[in-house]
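J.: Kindly generate the complete structure, drawing on both the sequences and the hints.
Residue 95 in UniProt numbering is what sits at position 95 of the sequence shown, and the numbering runs on without skipping anything.
Heads up, none of these hints are tricks.
Below are the BS3-like pairs computed for lysine-lysine, each with C-alpha atoms no more than 30 Å apart in a straight line: (1) K159 - K285; (2) K243 - K288; (3) K243 - K120; (4) K159 - K199; (5) K187 - K243; (6) K135 - K183; (7) K243 - K168; (8) K414 - K129; (9) K164 - K120; (10) K238 - K288; (11) K285 - K183; (12) K181 - K243; (13) K238 - K183; (14) K368 - K126.
Read the hints as simulated data drawn from the structure, not as lab findings.
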Amino acid sequence: MQSKRGKRSISEETGPVLFDAVSSVRDSGQQQSLMETSFGHDHSFTERDHNFSDFSSSPMSKSPWSSHMNSANPSYDETLSDDDDEFSPNVLMGSLVREEGHIYSLAAAGDLLYTGSDSKNIRVWKNQKEFSGFKANSGLVKAIVISGDRIFTGHQDGKIRVWKASSKNPSSHKRIGTLPKIKDYIKHSVKPSSYVEVKRNRNVLWLKHSDAISCLSLTVDETLIYSASWDKTFKVWKVTDSKCLESVTAHDDAVNSVVVGFDSLVFTGSADGTVKAWRREVQVKGTKHYLFQTLLKQECAVTSLAINPDATILYAGSSDGIVNFWERERQLSHGGALRGHKLAILCLVTAGNIVFSGSADMGICVWKRANGDHICLSLLTGHTGPVKCLAAERDHECGSGERGWILYSGSLDKSVKMWRVSEYTPPTGNGCSTTMPTTLLSAPSFSVQGRISAAK
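T.: Here it is as structure tokens:
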């Protein structure tokens, strides 16, 4: 059984199972995606396939994740089970639609929303209207993070681009840098020791990603930025001078997600089916990361990670549609699993006591943590394509004593939807469930020096 990208599939009859065959073709450096599975790649289809109505000719029709769609292009309502009529009404506020590409990334900052797509454009929205936009010369926009007045975008071409809005005209953005910086690239290119082997007979500089960037994450103090990539590594960058401090070969397959955690820990999730915790040590000339613990080892890919605002729980979404979680106060022991989706989890975001999970089944589950348990408040439906990215911010229009959130969801249907969600929404009998800790496949634990110790 292989654990590489594109070697697993999903069966409607038996639920999530190991893949026999799927289609992620990479030829002569050009990627031809058949909705590239989460086993290291995004669930995208090529730019030629702009119309869901011509589904029979679209690569999506060949993807096992698209089993909920057919050549007749049914409406979303027809894909729901008989139990789905019990779902609470969607709290949909509106949609932002600009027919230029599938939405891959979102970031909310203040009154602005940034969206990235496979059109290479980054759009900026304000008060539900398009405020401005800027375009990268190359590289699909896979991730966006905001640090002060700078916008960092991660791209398919393995580069991180840095942007800044003009002080005189906030709607005008200018690229002020690229990671790695050209001078750093040239400086290291003349040193043989700066090269690492990524494939047979192929060496690359250690400070540059050799494959697509999948995720970006900032430290709480915003001094370091982490980038995860399909090249199996994560890299650490200094925000002030854009220098690459460290590169860590973290997994046996693509790294789909990286998130800065608590207690100097950084967490990574991969197409190899593992979730790993890394201990960060700050040194004179940079950082050093040691493998601290392997939290999960499974057959299906880990697609997304998130940590709650109180930094007490780590969530991990997988291609089997399950969200596992671990609790800080219990020494990162497995806390349970959230089961609310029929297909793969593609994205997670937390806000207050709420966890949102977006899926290839086109739905968004809203989970609330209370008294140590998770309950499913509702399932948000409305997208006509897989939900690829999520962002949340506080709803300042909530009434006194009420705690609510504005959720933004980006989809491969080329739209961004806005939802109003309250933490006090009564739960509905929607078939979502929470299971208590189960016996996971044996995963070794590691000491701070990275040595394997017996699992207890």
